[in-house]
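Position chain B against the provided structure of chain A, taking the given hints into account.
Protein chains in written order, with the working numbering: chain A, 36 to 286; chain B, 81 to 259.
Relax, there's no trap hidden among the hints.
Pairwise CB distance ranges, derived in the manner of DEER restraints:
#1 B:Gly118 / A:Asp245: 55 to 65 Å
#2 B:Leu218 / A:Asp245: 15 to 25 Å
#3 A:Ala61 / B:Val182: 33 to 43 Å
#4 A:Pro130 / B:Asp219: 52 to 62 Å
#5 A:Ala71 / B:Asp151: 52 to 62 Å
#6 A:Ala135 / B:Thr183: 51 to 61 Å
#7 A:Ala61 / B:Trp239: 34 to 44 Å
#8 B:His242 / A:Gly70: 30 to 40 Å
#9 B:Arg191 / A:Leu110: 28 to 38 Å
#10 B:Ile225 / A:Glu215: 37 to 47 Å
#11 A:Gly70 / B:Asp151: 48 to 58 Å
#12 B:Ser251 / A:Gly200: 35 to 45 Å
Note that these hints are calculated values from the structure, not bench results. Beta carbons are placed, not taken as given, at the ideal position from N, Cα and C, and that holds for glycine.
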Amino acid sequence: MIDRDPSPVPPPAEEDPDRDLVVELADVSRVHVEGAQVVHALKEVSLEIRAGELIAVMGPSGSGKSTLLNIAGGLDRPTSGEVMVEGELLDLLPPSRLAALRRRRVGYVFQDLNLIPSLTAVENVMLPRELDGVRTGKARQEALAVLGEIGLADLAGRFPDELSGGQRQRVAIARALVGERRLILADEPTGALDTATGDDILRLLRARADAGAAVLLVTHEPRYAGWADRVVFLRDGQIVDSATAGLVSAR
Amino acid sequence: MSIRHGLLALLSQGSRHGYQLRAEFEASTGATWPLNIGQVYTTLSRMERDGLVAPGEQDEQGRIAYSITQDGRAEVDRWFATPITQTERPRDELAIKLAMAVTAPGVDVGRVVQAQRTATMRTLQELTRNKRGLDRPLDTAQTLILDSKIFQAEAELRWLDHCEAFLSRRSLQHPQEQQ
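If we strip away everything but chain A, and leave its shape as in the complex, we get (with noise of 0.2 Å):
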């Protein structure tokens, strides 16, 4: 059978100085108004993420998971609080460069795959690099890398609508980690697969982080988001506990 560390509430995650702090949230606020109604997505949270580190947000619906990974990739901005991305205060940076950096350094993967119907699977991974300016050549080339990397190499050349539903998702994954993606955002990224395709797609995430990415994975299955290093849980738009694997390895 299996130990379990009987404490109910865990100690502090360990930090490790030496790897690169990627996203830093400081008491980030987000209050939407909706008619007259004021709803706080999110109330003062604090996140590190760290370079090699999964961290999987876990919550019912409502609890603000989503708000929190699209504040940490800069696509929505917080009420009040600081989001500091590779030391860059998002807040700050005018929206072009904010573009820029949401381009170049930050990853999306979303249960809406978004592939475009026209193009191939490797031309749709190919995409995001033409758009910061690489030559198609050396796209075409990384994007064929990244798709050997995940196992589908062989279906480079076919449409989104000859590839299988899993086979999609991890194409749009892989055009997610193309380039130099130190942060990956992925939001419920296993949508309805089947658990072993579900568990390819985490092995994908787990080994990018292990490759030296950030990767923030908003999750409502406890199964995948068993493969984190560290598991935080919202509870209307607050951390309420988190659990950190390793703590209990030793035992």
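Only chain B this time, still in chain A's reference frame:
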């Protein structure tokens, strides 16, 4: 051990005699754990020996009501505050603990749920780590066993989420049930 803690949790609400304890225990656990009266009295006398309960006077019908001691209360508190480890668990102890937690006075059920969720998530993280085969490569049989444990942990976490959602909906609909 959960019969012992289940009975202690009932006694923390006031003194009771054996038949009463058996009826309430079975009612609280939805009769998923039938007890015979012999088990109840054996458990009570062991707890008396350990200083967790104390017997009162016999009534006219010859029944003895037991009440909980200071040590007994401390033991119930400790039980509610400590997540169960898989090694020491008869499968249903967690269900019984939550059933008792919603009836016992002064227990923060949300906290019991969250403490268990964090502990079970850590188990799941550890299992997933083992499944990746970082420490040692796994054969097929080992992988299947690990998967079985992963699914168990997953089921427990889903069930805890469900309990939490159910309880918060319930407390909105039936505020008078809350103490």
